[in-house]
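Engineer: Each chain, written out:
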Amino acid sequence: MESSLSILVIDDNAIRAAIIEQGLRDAGHDKVVVVQTVNGLLRRIADANPDVIVIDLENPKRDQLEHMFQVSRAVQRPIAMFVDHSDSSMIEAAVDAGVSAYIVDGLKRERVKPILDMAISRFRAYSKLTQDLKDARTELADRKTIDRAKGILMKTKGLSEQQAYDLLRKTAMSQSRKVIEVAQSLNIASGLLGD
Amino acid sequence: MKKTPPVVIAGFIPLLDSAVLVAALEKGFAKDHGIDLQLVRETSWANIRDRVAVGHFDVAHMLAPLPIASTLQLTNLAVPMLTPMVLGLGGNAITVSSEVWWHMRDFGAEVDGDPVSTGLAFAKLIARHNSMNKKTLRLGVVHPFSGHAYELRYWLKAAGINPDEEVQISVLPPQLMPDALATGQLDGYCVGEPWNTASVQTGVGRIVTYKQAIWPNSPEKVLGTTKRWATQNSETLTALLQALSAAADWCGIPSNVGELAEILSSEPYLNCPPEICLPALTGQIQFDAETSRLILDFLSFSGGSHALPNPAHAVWFYEQMLRWEQADVSESSLFLAKSVFDPDYFRNALGFSEEPPVAVLPFADMAS
Numbered sequence: 001m002e003s004s005l006s007i008l009v010i011d012d013n014a015i016r017a018a019i020i021e022q023g024l025r026d027a028g029h030d031k032v033v034v035v036q037t038v039n040g041l042l043r044r045i046a047d048a049n050p051d052v053i054v055i056d057l058e059n060p061k062r063d064q065l066e067h068m069f070q071v072s073r074a075v076q077r078p079i080a081m082f083v084d085h086s087d088s089s090m091i092e093a094a095v096d097a098g099v100s101a102y103i104v105d106g107l108k109r110e111r112v113k114p115i116l117d118m119a120i121s122r123f124r125a126y127s128k129l130t131q132d133l134k135d136a137r138t139e140l141a142d143r144k145t146i147d148r149a150k151g152i153l154m155k156t157k158g159l160s161e162q163q164a165y166d167l168l169r170k171t172a173m174s175q176s177r178k179v180i181e182v183a184q185s186l187n188i189a190s191g192l193l194g195d
Numbered sequence: 001m002k003k004t005p006p007v008v009i010a011g012f013i014p015l016l017d018s019a020v021l022v023a024a025l026e027k028g029f030a031k032d033h034g035i036d037l038q039l040v041r042e043t044s045w046a047n048i049r050d051r052v053a054v055g056h057f058d059v060a061h062m063l064a065p066l067p068i069a070s071t072l073q074l075t076n077l078a079v080p081m082l083t084p085m086v087l088g089l090g091g092n093a094i095t096v097s098s099e100v101w102w103h104m105r106d107f108g109a110e111v112d113g114d115p116v117s118t119g120l121a122f123a124k125l126i127a128r129h130n131s132m133n134k135k136t137l138r139l140g141v142v143h144p145f146s147g148h149a150y151e152l153r154y155w156l157k158a159a160g161i162n163p164d165e166e167v168q169i170s171v172l173p174p175q176l177m178p179d180a181l182a183t184g185q186l187d188g189y190c191v192g193e194p195w196n197t198a199s200v201q202t203g204v205g206r207i208v209t210y211k212q213a214i215w216p217n218s219p220e221k222v223l224g225t226t227k228r229w230a231t232q233n234s235e236t237l238t239a240l241l242q243a244l245s246a247a248a249d250w251c252g253i254p255s256n257v258g259e260l261a262e263i264l265s266s267e268p269y270l271n272c273p274p275e276i277c278l279p280a281l282t283g284q285i286q287f288d289a290e291t292s293r294l295i296l297d298f299l300s301f302s303g304g305s306h307a308l309p310n311p312a313h314a315v316w317f318y319e320q321m322l323r324w325e326q327a328d329v330s331e332s333s334l335f336l337a338k339s340v341f342d343p344d345y346f347r348n349a350l351g352f353s354e355e356p357p358v359a360v361l362p363f364a365d366m367a368s
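Chains E and F are the protein sequences, given in the same order. Using our numbering, you'd call the opening residue of the first sequence number 1 and step up by one each time. Using our numbering, you'd call the opening residue of the second sequence number 1 and step up by one each time.
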């Protein structure tokens, strides 16, 4: 069996880097090094002597890295992005997921593909995670806004909580707006009128 | 029923010369020409290149040599590209640390950005440096295939400095240059505005010379797209070029400078103080705390016939790629490079019949 590939993950986002590292280890890759783009990066790359480098696309130092790969004598072998240029669906999937990879020239494509697939799926999982978190936060904030609007209606019009919510919903429907929008308007108006 | 306007997704890097794309959106020129323009801010030229190549972006703000390098397969993810319009001329400068400038003054550097005296002074400094076995001076550029890299190398070589041996040139994102200079990781750099002014205003650096003095009215950033997108969307491209031309004209009117600085410095774009955008936009360049000069056309947003890509400029860029051993000599490469800077798209879109203006190239070029 061929010796296992060494993989370097460059990502300033520590949580995402940990998720990718775990995924790679779970898949049986034991030579995984994670670094952030701090100073002395070139030396750390040279020390790790990786076969595959995975980097996030948000990283502003990608141009710098590519240049290092081109000119540096410390990084032994020339490194090119993707083994085979013709595999456009994989390239697209990677760019879509927000990840890019560099590999040692001459490495067999079958050996690298599972690593890239893994990186792509973990990047996607991370994006979904952050999106879910964002949605949850928005939902919480929305609920607070609606609660406040209900409270105003209950106080000023002497309604029950259910009646207050029904009124908000009816108003929203009649104006083709969302309940949250009506609640926001009401809160603003109420603020202007001094509660 | 009204047709929905075609969506054009354009990538850009937060630099002053993204102005034409930004103005096309913010001042409604794209909408006027029936284009739903969507701008996406990017963090690296590698991302711009990759996302244009895979079709995430229809067009992008690009370093002028980049579409040529991609077409000649000199970069990763190389695809045939096209430059249908120039988005900005000039706008770069070379800045050195205050300490380096202090020595350069001793060696006779002029204060007003003259490339010859500053280059010779820098050469003398390097000679002394080497004779004392000091650490090699480190200079930064934003990308190996960039106007910055070629201007810096041109300036050095013209003064007799071998850029590959006597200095160390590294690549760094533009917005990180002032910091790298302040912390001593770099001794100087060549970058677009406002990242020279940023170092001057903090007193960390000094502008020694600028693109307009090295190569007057030369293309810096271009609109780049793939040949495939241009062929498949010729009507949309025509409308886009008309919109961008109108936007470039708007950017070029001096009385709009304040508003343009306001827009460009805002959060979705450069996200910086508006003051640091003004010197390059007005041409009132502050070289250091004491010296400022009015440099007309320090940065200009083409418009009119200056926006025409000129095949002669593409040839110059290809020659630089040869000169610095980034590319191999071949007739077919020369032909391909020329074909990237195709003036016909813009000419047809704007109804111009004239040829691009005669290309002015840097003096005494390959001889040195």
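Careful, some of the hints might be misleading.
As the list claims (entries may be wrong) - Per the computed footprint, the stretches of chain F lying under chain E, defined by three or more beta-carbons under 8 Å from a beta-carbon of chain E, are:
no.: 1; segment: 116-126
no.: 2; segment: 245-259
no.: 3; segment: 284-296
no.: 4; segment: 339-348
Claimed, not checked - Looking from chain F toward chain E, a few residues come up when the C-beta cut is under 10 Å (computed):
no.: 5; residue: Arg51
no.: 6; residue: Gly55
no.: 7; residue: Thr75
no.: 8; residue: His103
no.: 9; residue: Val204
Stated by the list, open to error - Derived DEER-like restraints, expressed as beta-carbon distance ranges:
no.: 10; chain 1: E; residue 1: Asp105; chain 2: F; residue 2: Thr231; range: 50 to 56 Å
no.: 11; chain 1: E; residue 1: Lys108; chain 2: F; residue 2: Ser353; range: 40 to 46 Å
no.: 12; chain 1: E; residue 1: Lys108; chain 2: F; residue 2: Asp36; range: 41 to 47 Å
no.: 13; chain 1: E; residue 1: Ala18; chain 2: F; residue 2: Gln73; range: 22 to 28 Å
Derived by calculation from the structure, the hints in this document are not laboratory data. Glycine included, C-beta positions come from ideal geometry on N, C-alpha and C.
Engineer: Between Asp105(E) and Thr231(F), does the C-beta distance stay in 50 to 56 Å?
Structural biologist: violated, 32 Å
Engineer: Just to be careful: measuring from the Cβ of Val204(F) to every Cβ in chain E, is the smallest value less than 10 Å?
Structural biologist: This interface hint is violated because 18 Å lies over the 10 Å limit.
Engineer: Between the beta carbons of Lys108(E) and Ser353(F), is the distance compatible with 40 to 46 Å?
Structural biologist: Violated - the Cβ-Cβ distance for Lys108(E) and Ser353(F), about 55 Å, lies outside 40 to 46 Å.
Engineer: Per the hint of 41 to 47 Å, is the separation of the Cβ atoms of Lys108(E) and Asp36(F) within bounds?
Structural biologist: Holds, at about 44 Å.
Engineer: Mind checking the CB of Arg51(F) against every CB in chain E and telling me if the closest is under 10 Å?
Structural biologist: Result: holds, 6 Å to nearest chain E Cβ.
Engineer: Okay, Ala18(E) versus Gln73(F) on CB: inside 22 to 28 Å?
Structural biologist: Check failed, 37 Å falls outside 22 to 28 Å.
Engineer: Next item in the hint list is Thr75(F). Is there a CB on chain E closer than 10 Å to its CB?
Structural biologist: holds, 8 Å
Engineer: State whether the coverage of the segment 284-296 of chain F by chain E holds or is violated, taking the criterion as 3 or more residues with Cβ-Cβ distances under 8 Å.
Structural biologist: violated (count 0)
Engineer: Between the segment 116-126 of chain F and chain E, see if three or more residues pass the 8 Å beta-carbon test, and mark the coverage as holds or violated.
Structural biologist: Violated - the segment 116-126 of chain F has 0 residues with a Cβ nearer than 8 Å to chain E, which falls short of three.
Engineer: Given that the segment 245-259 of chain F was listed as covered by chain E, double-check it with a C-beta distance under 8 Å for 3 or more residues.
Structural biologist: violated (count 0)
Engineer: Take the shortest C-beta to C-beta distance between Gly55(F) and chain E; is it under 10 Å?
Structural biologist: For Gly55(F), the interface hint holds, since the closest Cβ of chain E sits about 8 Å away, which is under 10 Å.
Engineer: Do three or more residues from the segment 339-348 of chain F put their C-beta atoms closer than 8 Å to C-beta atoms of chain E?
Structural biologist: violated (count 0)
Figure legend: structure checked against the earlier numbered hints; hints not met, in rising order: 1, 2, 3, 4, 8, 9, 10, 11, 13.
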